[in-house]
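Undergrad: Combine the two chains into a complex, taking the hints into account.
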Amino acid sequence: MNQSDDPQHFSDRAQEHDLVISAEDAGNIGRVGADVTRTYSAIRQIVTTGYEPVVIFVPTPSKRKGE
Amino acid sequence: MVGQESDLTYKSVAELAPLIARGELSPRDLVQASLDRISQLDSSLNAFIDVWEESSLSIARIAEKDIADGRYLGPLHGIPVGIKDLIDFEGTPTTGGSKVLADNVASSDATVTTNLKAAGAIIIGKLNLVEFAFGTTGLNPTTGDVKNPWDTTRITAGSSSGSGAAVASGMIPAALGTDTGGSVRMPASLCGIAGLKPTYGRVSRAGVLDLSWSMDHVGPMARTTEDCALMMNVLAGHDPRDGASSSNMVPDFTSEIARGLDGLKIGIPSHYFYDEFVDYEVLESVRSGINLLAANGAEVVELSMPWVEKGRPINLGIILPESVSIHEKMISEHAHLYTPAVRARIQSGFNVAAIDYVRAQSARQWFNHQMAESMSNVDVLITPTVPIKAPTIADCTPSPGNLGAGIELAMFTGVFDVTGQPSHSVPCGFTSDGTPIGMMITGHPFDEPMVLRIGHAFEQLTNWHQRPPTDIPVPN
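Protein sequence lines, in the order shown, are assigned to chains V and W.
Numbering of the first sequence is given in this note's numbering, commencing with residue 1 and proceeding in unit increments.
Numbering of the second sequence is given in this note's numbering, commencing with residue 1001 and proceeding in unit increments.
Hints were generated in silico from the structure; no laboratory data involved.
Using N, Cα and C, we set each Cβ at its ideal position, and we do this for glycine too.
Errors might be hidden in some of the hints.
Said to hold, decoys possible - Quick look at which bits of chain W chain V covers, simulated, 3 or more residues with Cβ under 8 Å:
#1 1310-1320
#2 1339-1351
#3 1359-1365
So that you can see chain W by itself, here it is in the shape it has in the complex (with noise of 0.2 Å):
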């Protein structure tokens, strides 16, 4: 068994840049002691697909010089992160998880790649996820399953499974997820990291494998939100190379995070995210966090969402014609090799006529003018992330006629792809089973400065994000 090895695994990006900038830490130690904690877990976890060692440590000790001459990029400088094998880095495969996309080697780097590289991050590999993002549990035959490192025998949830498996275990400080569904905040709660959703058109998706156009997002996950925010610092900003990019003026995202809750307005919503089917351990938590948070300050108001549950349909009704749109010929050449439960959900869009897709994004704005009315008021909403515990790999492993547990997952996630609002997941506590439960924090488009100061303000009255895994298992 394993538990917290090393000094460095989990500190945060925020307690780590200082020692870097200041030269008392050196790129080249802290990569190292990523690749072995990488080396130590991964059989383990299986959060890598790929791991770049050798240009990795080539990458720090350039890193170590430039700091030594003077040249400090900034906090992200010297920094191991992960990315989600959805993401073109030039040169090397990405593969989405998927066996047709096995010899898919990237031309040029993604924009956030690029984005990340020119703040001296050290990319040290790809990060398992589900094939082609399309699912909630973070199983994938073709690359091997996730584990959860709080319980290897429990999913992480997805898609960007490996992401949450990496940071939660201290092989990296941060990653680079994605998110249609849910599928940043979803591991970021089950695996007890933080994980956002910016808003969507904050952050370029170009150079990422699409699932969902009009919904996809990329987002940060790291060990806190102030890790986060000063992720977003890089990742953000308008990108010609992607339509959906907004103009929008791009804040410091760390310049409003200590500025604590007072003043601050609370919406909960009365419907759906707090109803009896979320597990009681779940709800308790999330209340307790409410209450923290209403006792340093916030004010929570009680809101009525009748119409909050049609969001998870909208978003799969989106989804599902997108995606089949966007796999139409790879399905058509090459249905065998994908995996039959990816297969099956991609190829259910067949059946999907034109005008119900119609109907799904005219409700999409129906949906978004009730979320733009409801929350008039207030700063932010928060709700559970998901509204279960994590269940087990084998309730989740699809058979014959049986895909699997798992579905209730996105339920509250994908309520706000829909209406492309920042939505952020803090760890709030555990469950009798000892695995993460998260907060999800909503606020208005572009807001994501007020999601991050309320999650920092958390962060600074708890401790559950400061709590590694103790005993992920080692294999002989």
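The shape of chain V in the complex, shown without the other chains (with noise of 0.2 Å):
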């Protein structure tokens, strides 16, 4: 188990992050936590130099009011 599958260290570092999950639900997560992780691990092995991610910032349109 790595530290962020520990349910309180789960729990403490949620709340380092202004996230609110109690050390139960976090115990409870069982399996989600399993497939995350495997999840995560798949895209990683993916070589994505030359792919900027999907979601590119785009100016909010605006302009002087009056003009």
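TA: This is the structure in structure tokens:
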């Protein structure tokens, strides 16, 4: 079990980032946590050099009022 | 047991519309037939969260008069439809199937609701779903599990579970669902109806509760592909209320539907979708379907796509952090009101590093590039919609330490939420257990007409979509 799989550590770490999850809920994540780990492990194996993330910043259109 | 009770309950929109237009069928009689069917079956199937009997009949009376006075609005005029309870209808609750939003009354209509109303469709109620659409089985301990009309011990799949069951059981001819990992196409497949996930951005999501904003789609579920096309003619179009809404030209989605298969090229992925883990009855039915298309003018080519198995991890890798960010405040304040399985799914996103989300979004671009390259010489891909037969509700029900079966359901559909391509499920057979099997037709972005054309051609060659469930149990 790595640090973030430990329910209390998971809960404490979330609190540090103003995210609320009880240690009990963190413990109940169970198999979902393992699925999450597998999901990102698969993604990390993809070589994405040359591909920027899908979400690209677009400035919000604006202009001076009255013009 | 109840089967095909009325001549009206299993007619398609395309069959009903001319009868209404000519004054041979009253919208009031049609709505009443739907309400009767719901009253007869919904205690067995649990497809609806809310049914608006009085207002539906009242709107039907107005429709009847308008049509008689020459103000016919088109094929959806007077047609009863249902909408998933993730979609706003002004003045009524949008609960997302959750106790958290039990008192969340919509202050305005979703754009898709407005569009349906403007076309004269009669929205008769809100359809059941997986809590906040975050799940694949269709089960929901808060609103009650939706049962598959073909076998009420089995799941419908989800999350648009009520939409699938209501259309398949003849309660309504058409419904709206939403699709982020396959939630239109999976229940369409397991319930034996047609379901289209349009191109991302083609149909507005304004006024629809988000699950994962970069992958959420709204789409039609109906008896036939042609009905999905008729619905798309009403639903599609640019909407300034939705930041992801596309300005691409909107075609008439029915215009090419009857052009047949000659000259079309169908790609069959040689990896993943037809691998050994897929149920053999599913594989057999889909392969038979492809052979039928080939025998009737389509060219079939095999495509090497060894990278395609990465699609579902990318799909999940984006859904998890986006959904936790959407639910952050609500789940911090009301965690106890969420059902345990959905709470665990959402909260698992708290553990995702920012860099992993960015990696997933970069991987999505890489994946889309691979898909576009692979499909450069074909019109569509054809695959099974889901890799397994409909599991039982008992097998899919979570228990302490066991999240239940059904995790494989979205392995194929989620791939095309990543790419945003139009993807359509049509019935292509039955398992030996008597539950439907779906075939998924996926086209190039914004080429819904091609996907619908092939789906319609397939339906002209088969009768899978015309077989209604025959023995839905009715409680005493």
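Undergrad: Now tell me if each hint is right for this structure.
TA: For each hint, the structure was consulted:
no. : hint      : result
1   : 1310-1320 : holds (count 6)
2   : 1339-1351 : holds (count 9)
3   : 1359-1365 : holds (count 7)
Checked against the numbered hints above, the structure breaks none of them.
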